Amino acid sequence: MTGLRKRLLIVALCLVVVLGVSVVVLMAAPPPAISSLAVAPLSLRLGEQFSVEVDATGASSGSLFVDFRPTAPKLLRLPLSFDGTKWVGGGQIPTDIVLQNDVNITFQAILMNATGQRGQKSKAVLLHRNPPSPKITWSQNQIEVTLSTGESTEKDLTFSSTLALQDVVIEPVPEIAPFLSVQPGALASVPADQDQPVRLSVHVPAGATLGTYEGTVHIRSGTRTVPQTVKVIVNAWNESAPTAGLTFNFPPFERPSQIRVDNRDNGDTLIRFQLQNTEGVTFTAFGILMRPKSLTVDLQQWFDENVDIDGVLMSSGAFEEQQLQNGLPALIAVRPIPIEYQGGPIEEGYMASPTGDRIISIAQSNATDIDEFGYTQQAVIQMMRQVLGAIKFVQ
Amino acid sequence: MISKQPPFRIRFIVIVVFLSLATVAGQAAIEGLFSYESGTKYTYSYTINNTDGAFDISAFALEFNLIPDWNQDDTGIGGDVTVAPGWIAQAGFPTLGSSAQDMLSFSSLSDVLVGDTLGGFSFASSYAPGNVTCYEFSAFGDSSFGSVVGPVVPEASTVWAGILPTGLLGYHFLRAGLCTWAQASVNDKL
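In the order they appear, the protein sequences are chains P and G. Numbered by my numbering, the letters in the first sequence go through residues 1 to 395 in order. Numbered by my numbering, the letters in the second sequence go through residues 1 to 190 in order.
The hints are simulated quantities; they were obtained by calculation from the structure and are not laboratory data. Warning: the hint list may mix true and false statements.
Stated by the list, open to error - Derived EDC-like pairs: lysine to aspartate or glutamate, alpha-carbon spacing no greater than 20 angstroms straight-line:
1. K293/P to D268/P
2. K293/P to D265/P
3. K121/P to E53/P
4. K392/P to E151/P
5. K121/P to D74/G
6. K121/P to D73/G
7. K123/P to D73/G
8. K123/P to E48/P
From a predicted model like this one, the values you see are computed outputs, not experimental measurements.
Build the full structure now, drawing on both the sequences and the hints.
As structure tokens, this is what we get:
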């Protein structure tokens, strides 16, 4: 029994010694040493995401405290996890802080070792007063429609926002508001990075003053208006009487206008839109030319065989295919004609009739009298594109 | 302080004050106590009573209009500050005052959940008791505030206006049997 007691006593003593040594070793373990605390980005805005990286040794757990005092009685705690090389974490700045100025907030990383000893490091980070600005991307930057009084049309487009939006209003500016309605006009919320369909309904009411109206459709989120807008041009124009199987719109001019139709021997039909200059002399502002076309040839083939024989116009980008307001595809001159072009006269735009048996093109007159009406060369070209796009075919 | 009982032959005065922060429904309370042994410092003790709270408590901060005369970070054995397990103490950023004592829960495991109570927070100061502002925080940005007993810069008017009524209030609780620690102290004294 005595021997057993001795052995038990020795074992107990050993255990006490081992335990004591362990405690001493653990107590002697140094607190975690933090060599760096990195916050990205270093200047933040309300609602913005951030990430942190902490270089430290001797830690077994970690937390990040984001302290908004004294600006606001707010404290965030986020866990830090070890990714094998660093302690990492991240979070989002709350949006419910009222800031009068840019302020500094404090990021504090606290790491602990197994014995509860701590190491800590702080960094001041700038918090901007203004929240991040969402960026809106519209499917189209500009819409131009040409209508006569009483006519309507619709345009479908989409937008997406880089940030989630709340209390969204989509509205036109007052200049074009009488002609435009937007559906939906309001949305409770718009998620980030998702296409949001919008339909613009354009209507020129009877009795509206003819002219060209320009404005934008913009998005408001709360009280903030997002700078990215869609430009909208509404041409409230006259409409011609049916002529040679079509009607077209033209701008209001302060002097008399007339339409002349020439049926040529080769089967072409030329519709001349004519005005009077200040001396009372009639001149042609632009002409619409209709040419017969084989049904087996599409617009591009016809253009290649009859206009762009060398392929220079399309390959240089001088002409491009566009969808016109009337829904028909067209080849439109968008850049200067390259000097390599050796073909004949070129018109501003070409399209095929819906039945496919005619090519309709529009060309500017050589007369410069239209300058008297305040039209620059560029404005005339723009006007002719609109005339071509608003052509309607009648029986 | 609860387990620390004065010896039988007492030559000093013990004053006990019990003040509660829980004056608003749905708000947690930081309950404060102080004790004083003549010739030594005041010891301020706090309990988080989240029985009726609206959010889990991950931190609280006491704000003072004084320069602390205790080591605000020293939670080691024999240190100036004691904290509950899983909590840390440090000097904080005051929202309104000139200094603050922060008590921070290191992780969600040590947060005081709604319905729970956690004590074990204290520090000692030579500044006499008065009312200080106390903020309580969640880990996610929630906060509320109130007032609780804490060290203040002594002013003649506040000494009598603050200590005497609160001392009487403490005496009321003693007599009512609402504070067992206080009863034990008084019994020992007697």
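How the hints compare with the structure:
With a CA separation close to 10 angstroms, the supplied pair K293/P and D268/P stays within the 20 angstroms bound. Distance restraint check for K293/P and D265/P: the Cα-Cα separation of roughly 15 angstroms lies within the 20 angstroms cut-off, and the hinted pair is therefore satisfied. At most 20 angstroms may separate the alpha-carbon atoms for a hinted pair to count; K121/P and E53/P meet this at roughly 12 angstroms. Simply put, K392/P and E151/P have alpha-carbon atoms about 12 angstroms apart, close enough for the 20 angstroms limit, and the pair holds.
For the proposed pair K121/P and D74/G, the alpha carbon gap of about 17 angstroms is at most 20 angstroms, so the pair holds. For the given pair, K121/P sits about 14 angstroms from D73/G by alpha-carbon distance, which is consistent with the 20 angstroms threshold. Proximity of K123/P to D73/G is assessed by CA-CA distance (about 18 angstroms); at most 20 angstroms being required, the pair is judged to hold. For the suggested pair K123/P and E48/P, the alpha carbons sit about 18 angstroms apart, so the restraint of at most 20 angstroms is met.
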